[in-house]
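Each chain is listed here by its residues.
There are 2 protein chains.
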Amino acid sequence: MKKQQLTILKIGGKLLEEDAKLEQVLQAFVSLEGFKILVHGGGKAASALCLHLNIVPKVVKGRRITDAATLKVVTMAYAGWANKTIVAKLQALGCQSLGLTGADLNAIQAHKRELETVDYGFVGDIDCINTEVIRQLLELGIAPVFCAITHDKKGQLLNTNADTIAARLASALAPFFETRLKLCFEKQGVLKNPDDEQSVLERIRHSEFKLHQTNGVISDGMIPKLDNAFYALEQGVSEVFICGIEGIANSKKGTQPCL
Amino acid sequence: MKKQQLTILKIGGKLLEEDAKLEQVLQAFVSLEGFKILVHGGGKAASALCLHLNIVPKVVKGRRITDAATLKVVTMAYAGWANKTIVAKLQALGCQSLGLTGADLNAIQAHKRELETVDYGFVGDIDCINTEVIRQLLELGIAPVFCAITHDKKGQLLNTNADTIAARLASALAPFFETRLKLCFEKQGVLKNPDDEQSVLERIRHSEFKLHQTNGVISDGMIPKLDNAFYALEQGVSEVFICGIEGIANSKKGTQPCL
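Taken in order, these protein sequences are the chains called B and R. Just so you know, we're using my numbering here: the first sequence kicks off at 10 and counts up by one. Just so you know, we're using my numbering here: the second sequence kicks off at 10 and counts up by one.
Simulated from the structure, these hints should not be mistaken for lab results. Treat the hints loosely; a few may be bogus.
Copies of the same chain look alike in the list, so a pair counts if it fits in one copy or across any two.
[Said to hold, decoys possible] Using 25 Å as the maximum straight-line C-alpha spacing, the simulated BS3-like pairs for lysine-lysine come out as follows:
| id | residue 1 | residue 2 |
| --- | --- | --- |
| 1 | 70 | 196 |
| 2 | 163 | 23 |
| 3 | 30 | 163 |
| 4 | 30 | 162 |
| 5 | 219 | 70 |
| 6 | 30 | 262 |
| 7 | 30 | 196 |
Assemble the whole structure, with the sequences as input and the hints as a guide.
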């Protein structure tokens with residue numbers, strides 16, 4: 010039997026900060042056919058709130074260092090304001106959405122990252138996705154909206170990168186659905202020349218990624234994004250796109266990583 | 010056919026602020042038999058956060074005045090920190106909990122309160138409880154955890170009193186379940202003498218409530234609480250208790266309002 014289609018859309022960065030852009034993103038999400046899941050970050054709002062509260066945000070290698078005070082702020086900003094604003098807007102568009110952290114329904118279980126050279130604090134590395142409960146929600150016609158918070162099932166909330174959550178959700182659900190992952194952000198895709206917004210790569214192979222990483226064409230936040238994209242493909246996700254708003258509904262816009 | 014039992018437990022005030030008390034409350038909640046729903050406020054944490062952010066909290070007749078900045082703060086404090094902390098702790102206790110606002114699953118639809126003598130701002134008066142979706146969750150073995158945020162289905166989040174949410178949930182679900190409502194707070198029940206913690210009224214009839222209100226024995230925050238309690242009884246809720254932590258598991262502790 011042919012598997013049903015599932016799209017997992019991750020939105021991040023500036024798309025969350027401008028009302029008009031968020032509205033566009035959510036309308037495109039609602040118009041997607043088949044089962045769908047939204048995953049969102051909310052980094053800059055959390056950083057702004059930290060500043061207001063005199064907590065200095067720390068970021069090492071693109072990952073936020075999450076002390077107890079920062080965990081409280083990111084939980085408030087992601088699971089509180091960003092998540093519920095998105096859910097209310099989706100409901101207004103007629104989409105039966107449900108906001109979730111990994112703690113809700115024990116949907117995403119993680120463990121606090123082990124001490125390495127850097128102590129990331131209350132950052133969670135995912136152990137397990139509760140595919141059964143997520144499938145139950147999808148079958149009920151519900152569109153889950155995940156924010157970047159997980160838990161350890163021992164009562165501790167944890168901060169987890171939203172791209173990683175999206176890639177792990179897609180990978181875990183790939184056996185049950187024809188799964189498509191879209192990592193959507195403020196640019197139109199992976200740029201060959203960071204200064205030229207039009208230089209979007211149509212496709213990127215894993216070997217090219219390694220090459221571009223070495224020669225410095227691809228750097229910063231794009232490396233973990235592409236790592237997540239290739240991880241998902243290796244785990245059986247059908248298609249991955251790195252794209253801007255236009256790429257949500259149109260698969261010809263954006264960069265398609267390929268193994 | 011005999012209806013199945015549902016307990017709706019509302020917790021508020023100081024019970025949310027002390028870890029040891031919250032732990033006790035949640036253990037008692039988990040041990041309740043039958044279907045169950047938790048409803049929580051979080052007023053003092055929100056007020057503290059408002060102060061940190063230089064937003065002066067305003068309260069008139071026991072109800073918070075919710076301007077746009079305050080709505081953001083209460084959504085962060087209630088739907089973000091309080092709700093997800095509770096959900097993570099319940100998951101640690103083996104309870105399959107799911108944190109919700111009224112926007113999630115369109116569970117509680119409200120409208121912005123009409124201008125009267127006071128402009129309450131983004132405060133929602135409840136129009137409708139989505140009993141179908143809540144029953145689906147309960148049938149799946151899920152314990153919903155509601156915070157004091159609703160929405161208008163047009164994209165606007167709204168602040169709604171947690172006692173009122175609990176009473177309206179109980180009333181709406183009373184046709185489907187043998188429904189019990191517990192309004193739990195830091196005192197052991199309704200006190201005959203506010204200075205004597207032991208002077209708990211075992212029962213209070215509606216006529217006595219009116220009398221005690223006139224003679225000033227019952228005042229302040231207790232009046233809307235009892236209004237909600239009697240409303241629920243009038244709507245077919247089987248039993249209502251106003252109680253402290255001990256009253257969650259033991260119905261002999263606390264005050265039972267009766268029509």
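For each hint, the structure was consulted:
1. 70 x 196: within (20 Å within a copy, 50 Å between copies)
2. 163 x 23: Between copies only: 23 Å across, 34 Å inside.
3. 30 x 163: between (38 Å within a copy, 18 Å between copies)
4. 30 x 162: Between copies only: 20 Å across chains, 35 Å inside a chain, cut-off 25 Å.
5. 219 x 70: within (18 Å within a copy, 64 Å between copies)
6. 30 x 262: Intra 17 Å, inter 54 Å, cutoff 25 Å: intra-copy only.
7. 30 x 196: So residue 30 and residue 196 pass the 25 Å test inside one copy only (12 Å; across, 48 Å).
The structure meets every hint from the earlier list without exception.
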